[in-house]
Amino acid sequence: MELRVRGDRAVLKGHGELYTREIDPHSLALGVDLADALHEWAQVAAALRRSANDPNEAGTVVSRRGQQLASRVASVMGTPVHYVDPVTGEQVVVPPPPPSAKPRRLFAAVGDEPTPWGTGLIVAGFVAAVVIVAMMALAIALAAETAGWLVLVAAVVVTGGIAPSLWLARKLPIIRWIALGAAGGVVISWIGVLGVVF
Numbered sequence: 000m001e002l003r004v005r006g007d008r009a010v011l012k013g014h015g016e017l018y019t020r021e022i023d024p025h026s027l028a029l030g031v032d033l034a035d036a037l038h039e040w041a042q043v044a045a046a047l048r049r050s051a052n053d054p055n056e057a058g059t060v061v062s063r064r065g066q067q068l069a070s071r072v073a074s075v076m077g078t079p080v081h082y083v084d085p086v087t088g089e090q091v092v093v094p095p096p097p098p099s100a101k102p103r104r105l106f107a108a109v110g111d112e113p114t115p116w117g118t119g120l121i122v123a124g125f126v127a128a129v130v131i132v133a134m135m136a137l138a139i140a141l142a143a144e145t146a147g148w149l150v151l152v153a154a155v156v157v158t159g160g161i162a163p164s165l166w167l168a169r170k171l172p173i174i175r176w177i178a179l180g181a182a183g184g185v186v187i188s189w190i191g192v193l194g195v196v197f
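Numbering (numbering that gives the first Met the number 0), first residue to last: 0 to 197.
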């Protein structure tokens, strides 16, 4: 892709002699802000060429701004941009920025804060108590109405159903305390379930 100034408008076209069709930046998926910035830069470059003053300092600023805009175009389009400097006529290849080496994670680390053991263990204890009460209520209700083996099957189903969620939540900064409490509650409730069955 090639970026140049035509008149007082910025135009983009395919790089090489085969590509002759020039495209307005607004017709590409560059975003309105970038397309407007390209046209403003082109108007300044055209005004600089028309002026009779020495374009040394102003020409450097226009050239630098053009390279910055070419870099933004390369980033958005994901392809190198051949930037034709409107002041000097030189052509510079501006590559797209390299992809970030570290992939973005859905849940990034919160920071280097200390682990809130007091609050976390209180939350974990509360969740464990709720899980123990729920599992025991299920076991006692089933034991009163059905056979003992059905209580074991129900406890296995509940444990198997909750285990993947607890495993996935074990490393999330705040949710891990809830997962710890739920896991502890399930383990402790199995003592009560076995006591109800046998």
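These are calculated hints, taken from the structure and not from any lab test.
For each residue, glycine too, the CB sits at the ideal point set by N, CA and C.
Just so you know, not all the hints are guaranteed correct.
[Stated by the list, open to error] If you anchor each label on the Cβ, the simulated ranges turn out as follows:
| # | residue 1 | residue 2 | range |
| --- | --- | --- | --- |
| 1 | 67 | 167 | 38 to 48 angstroms |
| 2 | 20 | 67 | 19 to 29 angstroms |
| 3 | 5 | 28 | 38 to 48 angstroms |
| 4 | 87 | 170 | 30 to 40 angstroms |
(message) The hint says 38 to 48 angstroms between residue 5 and residue 28; measuring C-beta to C-beta, is that right?
(response) About 21 angstroms separates the Cβ atoms of residue 5 and residue 28, which means 38 to 48 angstroms is violated.
(request) Indicate whether the distance between the beta carbons of residue 20 and residue 67 respects the range 19 to 29 angstroms. (result) holds (25 angstroms)
(request) Go ahead and decide if the range 38 to 48 angstroms is satisfied by the Cβ distance of residue 67 to residue 167. (result) holds (43 angstroms)
(request) Return holds or violated for the Cβ distance of residue 87 and residue 170 against the range 30 to 40 angstroms. (result) violated (54 angstroms)
Checked against the numbered hints given earlier, this structure breaks hints 3, 4; the rest are met.
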